[in-house]
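J.: Heads up: the protein sequence lines correspond to chains A and B, in order. Under numbering that gives the first Met the number 0, the first residue of the first sequence carries the number 0, and numbering increases by one thereafter. Under numbering that gives the first Met the number 0, the first residue of the second sequence carries the number 0, and numbering increases by one thereafter.
Note that these hints are calculated values from the structure, not bench results. Keep in mind that a hint or two might mislead.
Said to hold, decoys possible - Derived SDA-like pairs (lysine to any residue); straight-line CA-CA distance at most 20 Å:
| no. | chain 1 | residue 1 | chain 2 | residue 2 |
| --- | --- | --- | --- | --- |
| 1 | A | Lys160 | B | Leu82 |
| 2 | B | Lys21 | A | Arg137 |
| 3 | B | Lys96 | A | Ile135 |
| 4 | A | Lys52 | A | Pro67 |
| 5 | B | Lys96 | A | Arg137 |
| 6 | A | Lys132 | B | Glu92 |
| 7 | B | Lys96 | A | Gly134 |
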Amino acid sequence: MRRVVVTGLGFLTCIGNDKATVTKNLEELNHGIILYPPFKDATKPVKVAAPIKGFFTDSHDPEDWTAPYDLKLSSSTMRGLAPHVFYSYHTMGQALEDSGLSREDISCPETGLFTASSGSGFMQYHALTNLHKRGIMRTSPGRVIGSIVGTLNFNLTASYKIKGSSAGFVSACSSSAHALGYALDEIKLNRQDRMIVVGGEDCSYENFIVFANMRALSTSTDPSKASRPFDRDRNGFVPTGGAVTMILEEESIARKRGAKIYAEFAGWGQATDGYHPTKPHPEGLGLAAAMKKALKSAQLTSESIDYINAHATSTPSGDDAEIRAIKTVFPNTRPAISSTKGLTGHGLSLSSVMESAFSVIAVKDKFIPGSAHIENLDPKAEGLNILRETKNASIGCLISNSSGFGGSNVSLIFKAYS
Amino acid sequence: MSDDKEKLFPAESSSQLRELLKRCDPKVIEAAVQFQKTGSSENIFFIVQGILERFLEPELRPKLHEPGSETIDLIEELGVDSLDMVEVVSTIEETFKLSIPNEDLLAMKTLKDINDYIKSRFTADSLVTATSNV
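Generate coordinates for the entire structure from the input sequences, incorporating the hints supplied.
T.: What follows is the structure, encoded as structure tokens:
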């Protein structure tokens with residue numbers, strides 16, 4: 000059976016726009032959460048968010064957008080973008096450089112691209128408003144392209160001349176975990192030799208605030224306390240956006256070209272709660288099943304797992320469900336556990352690939368990031384080895400969890416590569 | 000004639016026009032504003048060329064000013080992306096307050112074609128026709 004390894008990463012996140020900065024902030028538990036200016040006035044029920052820095056995409060006219068350096072995108076391309084797609088060009092460039100692959104290397108029938116995003120409500124809103132206000136025949140084709148959920152894959156496959164498999168995944172907060180899992184299968188099933196996986200979410204006011212009336216967002220006014228997975232007093236998640244690219248390759252191909260290898264992507268599993276459109280099953284049944292399937296796919300037992308990068312978003316019910324699921328699957332061992340959402344907040348469709356990228360950095364650099372901002376551990380988490388500080392340790396095997404709306408649960412397994 | 004022009008181009012449309020053409024060369028914007036006031040056909044070519052230039056990649060723009068540029072096939076020879084052509088046409092329609100039917104559009108391959116077409120829509124006799132398309 001073919002083996003798959005991670006060979007390149009690119010980041011545009013609230014804790015850094017490059018691997019070195021991200022790594023430092025993961026180790027030192029420096030968060031990227033701020034008092035978000037658009038939430039400042041008294042009418043806004045939430046105050047904190049975790050925006051990215053350096054990339055200006057507030058205008059609904061893409062030709063106004065700027066990055067800290069020239070991304071070398073034609074104005075024709077710019078006209079068809081959404082903010083998260085703009086961010087992804089930065090992460091694609093970084094991941095290619097990181098992996099030592101050229102644009103020519105990835106434009107071939109054996110290389111595919113899977114993406115995950117919830118699309119751009121921001122661009123869609125403006126495009127539809129324009130359609131109604133100025134007329135059907137005044138709707139710019141570029142704006143239509145930028146408004147459709149799949150805009151991330153259509154733009155990247157065109158720009159990078161991707162000829163292999165391509166698709167977008169839409170399963171809310173599990174989306175990029177699905178993208179990674181199915182990308183793994185593409186390589187294991189011998190359909191592709193290399194898969195690029197990109198997750199992206201806008202950092203717009205609209206993208207963030209829509210969850211406020213679901214009472215899912217933290218109402219905390221203190222950025223250093225707002226995102227606190229597993230804390231007894233957690234009160235909701237902190238929204239974030241950005242983009243992350245991860246490059247997966249078949250092991251022998253990666254070795255043959257002398258690629259740097261972060262970790263092996265060893266297996267994955269998924270299962271659904273069948274319970275509620277947004278709430279997880281209280282017993283975490285779907286997530287427990289997903290973890291068990293992931294272990295089976297990687298031919299591992301629960302005893303092999305050293306670290307769980309939890310989904311835990313800092314919501315009361317979500318973290319609870321995961322605590323139960325972990326206790327179900329790991330009754331006899333105490334793997335280290337942390338949720339890096341304490342540092343980044345919740346990136347929705349972006350979160351799984353972002354956290355998987357964090358996890359493989361931890362494998363390579365031999366540390367386990369702590370679960371930040373816990374003042375009082377939730378009593379229900381009693382007995383679990385939730386790290387309050389970063390620990391220097393070699394990770395042999397880890398599980399990265401994601402749970403999304405609709406009760407989807409996906410668990411991914413990464414191993415130290417040997 | 001001036002009453003018809005005012006119905007076609009009310010005063011407030013000048014600021015909308017400037018917004019629409021904001022990434023065009025300033026001389027092109029002024030020519031378009033003047034056209035809306037006077038209806039004079041002498042600057043039609045200059046405006047159309049300026050709109051096309053705005054949507055063209057920087058490295059292709061010099062080609063619009065070379066001899067013979069008015070008869071170069073925009074999509075096949077100049078390499079204008081077909082979706083960008085839609086943006087060009089849409090902007091031309093909005094600038095000249097025209098609606099160009101698909102059949103007429105298919106026949107327009109060069110700058111000269113576009114220029115001739117717009118001029119024909121703005122002869123003294125056809126101003127009424129143009130009004131009815133708004």
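J.: So which hints don't hold here, by number, going up?
T.: none
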